[in-house]
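There are 2 protein chains.
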Amino acid sequence: MIGISDPRMAGRFMGAQDGAMPSVLLMRLEHAAALGPCDRAALAAAVSTFERVPARSVLVQEADRPRTGYAIVEGFACHYRQGRDGKRQITALLLPGDLYDPQASILGGADYGVATLTGCLVAAIGAPALERLKLEHPRIARALTWALLTEASTAREWIVGLGTRPAGKRFAHLICELQARLQAVGLASETRYRLPLTWEDLADTLGISLVHMNRVAQELRDTGLIIFRDKILTIEDPARLRVFADFNPAYLHLTPPAA
Amino acid sequence: MIGISDPRMAGRFMGAQDGAMPSVLLMRLEHAAALGPCDRAALAAAVSTFERVPARSVLVQEADRPRTGYAIVEGFACHYRQGRDGKRQITALLLPGDLYDPQASILGGADYGVATLTGCLVAAIGAPALERLKLEHPRIARALTWALLTEASTAREWIVGLGTRPAGKRFAHLICELQARLQAVGLASETRYRLPLTWEDLADTLGISLVHMNRVAQELRDTGLIIFRDKILTIEDPARLRVFADFNPAYLHLTPPAA
DNA sequence: CGATGATTTGACACCCCTCAAACAAAGTGG
DNA sequence: CCACTTTGTTTGAGGGGTGTCAAATCATCG
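In order, the protein sequences belong to chains A and B.
For what it's worth, the UniProt record's numbering labels the leading residue of the first sequence as 1, then goes sequentially.
For what it's worth, the UniProt record's numbering labels the leading residue of the second sequence as 1, then goes sequentially.
FYI, nobody ran anything at the bench for these hints, they're computed from the structure.
A few of these clues could be false.
[Claimed, not checked] Partner residues aside, some chain A positions facing chain B, computed with beta carbon under 7 Å:
(1) Gln89
(2) Asp111
(3) Gly163
(4) Ala250
(5) Leu254
Glycine included, every Cβ here is placed at the ideal spot set by N, Cα and C.
Generate coordinates for the entire structure from the input sequences, incorporating the hints supplied.
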């Protein structure tokens, strides 16, 4: 695996991609609170570098004490823990607009790894810049807290899925979740999005074996709920899929609170 | 179920229990950061009422917008979600010293329920008092953030357990986790603590059926790892249990960070 | 002493895992 | 351009972990 701290990579894409990050990150954060032009400018300015990271690279090592925050601009990444027996469990998927906040440094070291699953375009924000951002822009601070709480809420929903739903419904539920989250940043329609993960990644997310993952996916195809070809996922019957998966998007908190 | 908002309950125990909460809550929060005498006094003063709540009472309804924070002083409570089919999945256990922070109100409504599992003594802290506490006492604010991050980290560890560990190791892991967390607030020795939950509560926590829960527990007893009688859990061989469960307490972040 | 809730045990079915192997696609080097 | 490797996908067979159904036992309590 290649770490993104490789100096040959750093900063290579500054300028060219300058506008891309704010777009997708802002789309996400503005689900939490309206941001002013000043907030947006500060956010864009806080990004130190854009980096292109190959698939399956480690962004944050388990037991690291990271000094940089990351925002995913393009591609899929994940939080994971690796067991002694080599089994990997993915504990969260990071989509474009999601961020990894080294606020975790309060804890005295990351207790999980962060890695890319596909090639990613990543915006790096230094911890000090992030702290300043929070102090000087309360609306951004609020939005970041919202993001953290939403992550926790999503983790709880995954616990519910792993604890109570059979593999098929679990996959269906994940498909619904990704549709909602990707649509929130403009990367999915009601019925279609790009899902560039391998069966193995999905299996490690759903807590099932690769073999069973394949069978479960076929079942969803055979029952006419989805089509999945060339990494493009098409939902054939959204309403029926949501019922089947027992999906209720409330836990994603994608609609801005009244306050 | 009886809600604690019942006026006959409110405030009944003020004074008598006045010192109990700070003790256990402070023991927990001081794992995050040292607190000054001023912080402690402010924390104690912020508690509006102590309430005795019977077992199986709902503290926060799913879809509520709670205006009160709770700190558990005695007893066990939980976060949970209930599926359409009636299956309950417990997503977090709240032990003495743990708190439920209505900070979740940023999200515009709770997305899960909070309920007592045993009879509990609960300290209620109004949302405004909590906000003031955070503003005027940065060390408390930091400690509360630490608590939130630790909860998220624990949720991730539960995902790992549900996704990768068989039921027996999952139970063993939970036993280790509870030992560490209870010891941190003075309610467990290295080998012994009170675990006042029913098999059903534990089954709903581990994501297995009540019947299987029973078998798995017997297995741990038969292999000489634990004794569990009269709600008292005794760990016969802590080292062997931790190896069996693949338990690494790092995710609990119970040792204060250097910073 | 009957009612209720908690624990225990047995039988059987099914979900899902493991092992194994075949197959496809994409890169790599000769 | 073709062997060859690597990575990802698909399929089959068999076994084990768990769920469900059913019923017995036990404890607590009014």
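Okay, which hints does this one fail, numbers in order? 5
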